[in-house]
Amino acid sequence: MTTLEDHIPVLKREALEALNVFSGGVYVDATYGRGGHARAIAERMGAQGRLIALDRDPRAVELGRQMFKDDERVQIIHGEFARIGDLVREFANVAKVDGILMDLGVSSPQLNQAERGFSFMREGDLDMRMDPSQGESAADWLVRVEESDLVKVLFEFGEEKFARRIARAIILAREESKLETTLQLAALVEQSIPKKDKHKHPATRTFQAIRLYVNQELSQVSEALPQAVSLLNEGGRLAVISFHSLEDRIVKRFIRGLATPNLPPKSIPVSEDAYLTPLNAIGRAIKPSREEVRENPRSRSSVLRIAERTDVSYSPALKSGGKHA
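Going by my numbering, the letters in the sequence shown line up with residues 485 to 809, in that order.
Incorrect hints may have been included.
Label pairs and their in silico Cβ distance ranges [unchecked claim]:
(1) E779 x H685: 40 to 50 Å
(2) S751 x E630: 41 to 51 Å
(3) T744 x E620: 16 to 26 Å
Using 20 Å as the maximum straight-line C-alpha spacing, the simulated PhoX-like pairs for lysine-lysine come out as follows [claimed, not checked]:
(4) K645 x K682
(5) K680 x K645
(6) K496 x K682
(7) K684 x K736
(8) K645 x K679
(9) K771 x K736
To be clear, the hints were calculated from the coordinates, so they are not data collected in a lab.
Ideal Cβ positions, reconstructed from N, Cα and C, are used throughout, including at glycine.
Using the sequences and the hints, build the whole thing.
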């Protein structure tokens with residue numbers, strides 16, 4: 485029997501292989517969630533291994549500390565992965581690690597808990613914050629946002645083609661009363677869209693866009709990736725699981741940027757060292773098998789990208805990868 489706290493880790497076998505986990509290694513799970521990937525890493529890293537897990541969601545941290553309370557190899561840290569470098573060095577006292585996993589986006593328990601406000605299918609407060617103790621809720625943001633800014637968020641983060649219609653409806657509705665619940669917003673969006681997608685709820689893109697904005701998820705990824713590379717030992721692996729094109733685009737461009745030599749014009753002779761890069765891209769993007777999608781439909785949009793650290797020096801300030809959307 486499953487519960488609201490259950491979560492099926494996506495691409496678990498592939499992520500473990502990507503990290504190349506070995507006995508005695510030091511690893512970071514930058515997005516602990518409900519610990520599915522963390523448990524798998526802990527099982528494989530041996531008695532001398534070490535796992536540092538981060539999460540900005542206080543509930544995830546609480547459950548993680550309960551799960552691993554008797555395992556001295558595992559440390560759970562409350563914090564956003566955009567600060568991965570500082571958190572790992574300051575709280576774990578670790579300078580270098582052998583692998584880093586990032587499983588981006590919202591977790592199943594967050595979606596399933598109505599009070600968190602992530603789901604357009606369940607009645608709950610319109611919150612959407614991954615850390616409810618920090619920042620501004622979706623409801624509070626919708627009270628003050630300018631219409632033009634709301635259009636931009638819905639279009640850029642949600643790729644919503646009816647962004648202007650939806651934004652106008654939200655602005656008009658808030659003049660009457662504050663939008664306070666998920667189903668209020670979902671119904672408003674549904675009424676605003678003239679043409680429905682048979683395979684997708686009308687509010688899907690709007691909820692995605694607002695969630696991404698409220699949690700600054702894309703900028704978090706852009707900030708975390710350079711720090712992650714700096715933390716890796718030579719031969720260490722970076723594995724990132726994304727769930728939509730905006731996230732994946734950031735990861736793809738970042739890895740490509742650090743895995744591609746920064747060469748001068750062809751007319752200028754260069755040494756062999758000029759072809760060395762701080763990252764090597766490992767294989768092509770990996771997607772879930774048909775069997776996994778059948779067992780866990782939420783995995784269908786996931787993409788795993790892998791890179792390996794080389795011995796070339798790297799300064800995040802000099803080359804930090806692609807920008808989001």
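Verification of the supplied hints:
| no. | hint | result |
| --- | --- | --- |
| 1 | E779 x H685: 40 to 50 Å | 22 Å, violated |
| 2 | S751 x E630: 41 to 51 Å | 50 Å, holds |
| 3 | T744 x E620: 16 to 26 Å | 38 Å, violated |
| 4 | K645 x K682 | 16 Å, holds |
| 5 | K680 x K645 | 12 Å, holds |
| 6 | K496 x K682 | 31 Å, violated |
| 7 | K684 x K736 | 26 Å, violated |
| 8 | K645 x K679 | 11 Å, holds |
| 9 | K771 x K736 | 14 Å, holds |
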